[in-house]
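> The residues making up each chain are set out below.
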Amino acid sequence: MRNVLAIIERELRAYFSSPIAYVVLTIFVFLSGIFFRTILSQVMQMGLVSQMQAQQLGPRPMDMPGMISRGFLSTMSVILLFMIPMITMGLFSEEKRRGTIELLLTAPLTDLQVILGKFLAAGSFFVILLLTTCVPMSVLYLYGSPASGPILTAYLGLLLYGLSIIAIGLFISTLTENQIIAAVISFGAIMVLWLVDVMAGSAESTTKEVLTYLSILSHLDDFTKGVLATSHIIFYLSLTLVALFLTYRSVDSLRWRG
Amino acid sequence: MITVENLTKRYATKTAIEGMSFHVEKGEILGFLGPNGAGKTTTMRIITGYMPASAGTVRVDGYEVFENPIDVRRRIGYLPENPPLYVEMTVMGYLRFVAKIKGVPKQNLNNEVARVMERANITDVQERIIAKLSKGYKQRVGLAQALVNDPPVLILDEPTIGLDPKQIHEVRELIKELAGSHTVVLSTHILPEVEQTCHRVIIIDKGRIVAVDTPQNLRFQVQGAERIFVEVRGPASEVIAKLRATPGVMEVRKVAENDGSNRFQVEGELRRDIRSDLARTIVQSGWGLLELQAASMSLEDIFLKLTREEEEEKTGA
Chain Z
1 MRNVLAIIER ELRAYFSSPI AYVVLTIFVF LSGIFFRTIL SQVMQMGLVS
51 QMQAQQLGPR PMDMPGMISR GFLSTMSVIL LFMIPMITMG LFSEEKRRGT
101 IELLLTAPLT DLQVILGKFL AAGSFFVILL LTTCVPMSVL YLYGSPASGP
151 ILTAYLGLLL YGLSIIAIGL FISTLTENQI IAAVISFGAI MVLWLVDVMA
201 GSAESTTKEV LTYLSILSHL DDFTKGVLAT SHIIFYLSLT LVALFLTYRS
251 VDSLRWRG
Chain E
1001 MITVENLTKR YATKTAIEGM SFHVEKGEIL GFLGPNGAGK TTTMRIITGY
1051 MPASAGTVRV DGYEVFENPI DVRRRIGYLP ENPPLYVEMT VMGYLRFVAK
1101 IKGVPKQNLN NEVARVMERA NITDVQERII AKLSKGYKQR VGLAQALVND
1151 PPVLILDEPT IGLDPKQIHE VRELIKELAG SHTVVLSTHI LPEVEQTCHR
1201 VIIIDKGRIV AVDTPQNLRF QVQGAERIFV EVRGPASEVI AKLRATPGVM
1251 EVRKVAENDG SNRFQVEGEL RRDIRSDLAR TIVQSGWGLL ELQAASMSLE
1301 DIFLKLTREE EEEKTGA
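Protein chains in written order, with the numbering used here: chain Z, 1 to 258; chain E, 1001 to 1317.
Bear in mind the hints are in silico, worked out from the structure with no lab data behind them. The reader is advised that the hints may include incorrect statements.
[Said to hold, decoys possible] If you want the ones that stay clear, here's a sample from chain E, every Cβ over 12 Å from chain Z, calculated:
id : residue
1  : Asp1071
2  : Phe1097
3  : Lys1305
[Stated by the list, open to error] List time: in silico SDA-like cross-link candidates among lysine to any residue, alpha-carbon distance up to 20 Å:
id : chain 1 : residue 1 : chain 2 : residue 2
4  : E       : Lys1100   : Z       : Asp111
5  : E       : Lys1100   : Z       : Arg2
6  : E       : Lys1100   : Z       : Asn3
Ideal Cβ positions, reconstructed from N, Cα and C, are used throughout, including at glycine.
Next up, chain Z with everything else stripped away, as it sits in the complex:
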């Protein structure tokens, strides 16, 4: 366990001693701020309209904080899709390029410890990224009283979703020595998993079901609505495990190929 912690610590230090951490954090905070403001004003406008309608047609209840948080957090899931490849691109590719992989693979560590260390390091950085969204979200608590349940489940959903994308990015970074290539391929792979249900549009019913199931974003909807469904949790966890297993096999083959 201490070995894994040492690797996590080193990876996190590496993030913050290169520009990557600061660039990703800055861009993410900037974008989330802009989107929060946009969504906020849209919902406010809808609120005004419905107030006017209420005068004529009688009052209709409207959960404004809930609408804002739902809209905001599902937008975040799309932005994260672009950010996570930046976090994972160097995890193995940089070690390969610099030759430090020889240190890790000849130290008294198992491959699993190395992989877990890197996965958890990227996961920790992702959590930091996610925590920055608490700042705009706190506005909702300051000026309103949103239901906390759906917000917590949305965060849990985002966490599971992020970890599964990180695992995919981790696997892809074992395939190349070039972190730009790792980022581009990860990005492509995630895009395919995102848009796979769009392709499903014209397909046969069974195919359509399968493709919709594979879509990485569709499983997030229920979380943002405050529904905790085991099937969605299992989807993200199994995607994570499959990607980590592929990473494990890939590191093993790295040894064979030299």
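We have chain Z already, so just place chain E on it with the hints.
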């Protein structure tokens, strides 16, 4: 300490090493000598457990590399050809990380890092960022990394590459100091290095062992005769006759002539020092002995000869 049996490594398109067997005693310094691409690095990577072999076994301190990789790696300090440095870290931070992944207990961490920095003579740069260090310092940080946790076996792939002559000397002295308490396997293509530091040499070429012996014995083996140059002031034909009559001498040839003195090449029996006999013969005959010099073959010659013989065998077959 290290036993390698029948080691073979095949890549998809080529065979890197084939049927390699050797043994390294505890406390010994073994040198791997061979041209680039001979299979030195591959052999070392297999011993350290970085990559598995296609066939054959490697045992380090009784543990088989493939079956007990962690036990083997705990006993090995490895310096790869390119020192595996996280260049954004400080020397201290890097060595602390290495100590942690090598399982140095927390309470010993500072002492252990201080010890290896002392050993590799890098204490004065401990706070510096590795990226900003000179090549020589980087190489020594790599060496310090291999020494962390004081492993009984050290595998050093070209440890003196990129160092200036003074640093090369320091590293060689360090390796010699480590011998005895440590078993050292080092690779190089610099021949004097092997002669100066190693107890035994393995010459490899194209993935096969061409020769294994002490540097001295290798010289005898290849040379076939002791060769001595003498410069004598005296009549050439008489000198040749007299020298030929000296016991132990096999062949005498005149190789040069200048200003009344002649230079001869004398070949004597192997492992027999005939220099004093030659000197006595010349002086007793009343000639002037201007120079007498034993010309030993350098490892360089031996190496070229061995690898060339290998080549000829193959084309002949």
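> Compare the structure with each hint and give your call.
Hint check results:
1. Taking the minimum C-beta to C-beta distance to chain Z, about 8 Å, the non-interface status of Asp1071/E is violated against the 12 Å cut.
2. In this structure Phe1097/E is not separated from chain Z by more than 12 Å, as the shortest Cβ-Cβ distance comes to only about 5 Å.
3. Every C-beta of chain Z lies more than 12 Å from that of Lys1305/E, the closest at about 31 Å, which supports listing it as non-interface.
4. For the proposed pair Lys1100/E and Asp111/Z, the alpha carbon gap of about 16 Å is at most 20 Å, so the pair holds.
5. Pair hint Lys1100/E plus Arg2/Z holds up; C-alpha atoms about 7 Å apart against a cutoff of 20 Å.
6. For the proposed pair Lys1100/E and Asn3/Z, the alpha carbon gap of about 6 Å is at most 20 Å, so the pair holds.
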